[in-house]
Amino acid sequence: MLKTLEATGCSAELDDKTSSIHLLGNLSQIVEANRKVLEIRQKDPNRKDSFDAAHITRVDVDCIVNAANENLMHGGGVAAAIADAAGYQFDQESRDYAQKNGPIPVGRCCVTSAGKLPYKCVIHTVGPKWGDYGDKSQCLKLLQDSVKVTFEEADYQKMRSIAIPAISSGIFSVPRDKCVEQYFEATMSFSRSYPFKYLQEIHFVDRDESMVRAIQETFQSRSKSASTSEKTDKKNDTLTFNGEEKTVHSKMPLSISFTTVNVSENLQIKIHIGNITDMAADALVCPQDKDCLSENNIAKDIFGKISDKQPSFNSMKYGDVCSQKLQENSEWKMIIHAVPPVYDAEYAKNHSKFVQTLITIIQKIIKTADEAKLHSIAIPLLGNGTEEYKTPVETCASSFYKAVMANKSELMYLHDIYLVLKEEEQEKMYLEDFALINCKITQRPLTNNGKSDDFGKTMKEMPKEGENCCICMDTPTKPKKLRKCGHIFCKECIEQYFEYKPACPSCGTIYGKVTGDQPPGTMSIRTNSIRLQGFNDSSGTIVLTYFFNDGKQGEEHPDPGKVYKGFSRSGYLPFNKKGRLIAKLLNVAFSRRLVFTIGRSRTTGHDGVITWNDIHHKTRMEGGPARFGYPDPTYLDRVLEELEAKGVTEESADDPEEYKEYSREIGY
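Residue numbers (full-length UniProt numbering): 1 to 668.
If you are wondering where the hints come from, they were derived from the structure by calculation, not from laboratory data. Remember, predicted model here, so these are calculated numbers, not experimental data. Please note that a few of the clues may not be correct.
[To be verified] If you anchor each label on the Cβ, the simulated ranges turn out as follows: (1) 435 with 156: 35 to 43 angstroms; (2) 627 with 193: 32 to 40 angstroms; (3) 305 with 534: 21 to 29 angstroms.
Here a beta-carbon is modelled for each residue, glycine too, at the ideal position from N, C-alpha and C.
Based on the sequences and whatever the hints tell you, model everything.
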């Protein structure tokens, strides 16, 4: 189903099914929204213009935008997805451009062909990295510039429509609320000041649906804000949602992510396995200890994603609840702070007291949300245990059930409670009590929890109408749903495709183990006591050394039989928990022939040489990012993203033979 924000021929469409927002029509009319009637209305459900937003290469537009780095090294995220789909020539053209023209400045863009993709071109846009700027306003200005210049380039290239990802979010670490604000400002600035002739459609695309929701809400709320700030003689300056005021968060899309419990006609429980900050709810519940220092992981995650600071609490005790209203540009309206009981020795002796305290605090949370006229809240599992006393999940589930049932008939505004858990086993316990009173329970689509190479399950029912196999572009025969991402293909099509590459052809999700074309070589790991800059938790340095003899290219390389020169390279990691994990995963990646490849050197421009394969290494111990050294506060997270893009994760590292060097030197 599509929802549409319209302003006289100009619209911002949110595709609930595919996590995308489209700005359509004459862009100059967006800024005129203050003089028009804005209406959210339901679109024709038979309209066939949805697409797979998790993979930007499947959007029906003239050109797509790549969230690039300065050197056009397509190592991870959107860049890797585009490069994989566009093929070798696209990657080669990108390297040639960077070699000839030098690094692309932050806030600027360049254009290449789209390789094998069916687009007229690809615009490579370099957004800023949050950690590179002490003056954050400069970072935000560059982000706005990068988006605006992308629109200008698209119009200059005579593109009618473009798809743009969430520039500078993800591994570039600009906070989500800051990103979407700059996307809006860039769009408005472009429409006001640039004499564009061709560009008519802008599709914002991201695989994180909550990011798309945030973009849509910002465009909607800022347009509404503009309409109230510029007083006119018109009486129709209103914003309505099917005739009544509601928030964008009043309905949550992507039901595939939830198990839904219909408690009453007006109240639903939606259970999500994951992180609470993924929820597009009006309010989040933040568990605190009695000192209210926000030191638990949930609290840190929440306050890491908002600009608001935690308020000072005078005195709170177990069972207390208080609310914190957030700034208007926040993803959520409110944080409800709660001090739940901790299951310890005292409560183990007095179990009924624990139950009553837990029921009371959940009731307070629900009442606080309803009195604030909120439509939805997200709440994690409350009532965790100590190290000595295991969390009594069954008791927590029963207490949650009793609290909800006691309050359901009194609720005036609250319609959706998102219960966020960590494990599916916990979900089963929460569902038991609701099942006993015959609540309608809609399970999320079944997934296969087998081995990593058991990638999917043949479906008993037929797929929905219009849900074609993207390999043969026909209705799936013996449809098979992939275990992780849920995409559906013909059984024969996907099995043949996986023989070539064990990754979803729609979104790139890795299944099984990917291997590369790295030539034969050796890897060694050693440690020393030198502490790298920026890592006070490190006891030294992990030194990775790679060595290759002279050899000849194999059949899998660009020029089989051609001689290549051997060489030696070293990389450096901090000897801390994350550094040890990366060293282990790099050992796995080397065993899978993924760290190096044979192609064109980005430094010398020579062809047919051994070169890095988009898993970046720090080849110096100092000098900062410009000299491939430390300090670089975001490097470890970036290289983990690059490893994950090649299917190398902690979960996939299940064969000790793949990390023997790591085990020999470090062993833990």
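Hints, verified against the model:
A hinted range of 35 to 43 angstroms for the beta carbons of residue 435 and residue 156 is inconsistent with their spacing of about 60 angstroms. In this structure, residue 627 and residue 193 meet the distance hint of 32 to 40 angstroms, their C-beta atoms being roughly 38 angstroms apart. Taking 21 to 29 angstroms as the suggested C-beta distance range, the pair residue 305 and residue 534 conforms, at roughly 23 angstroms.
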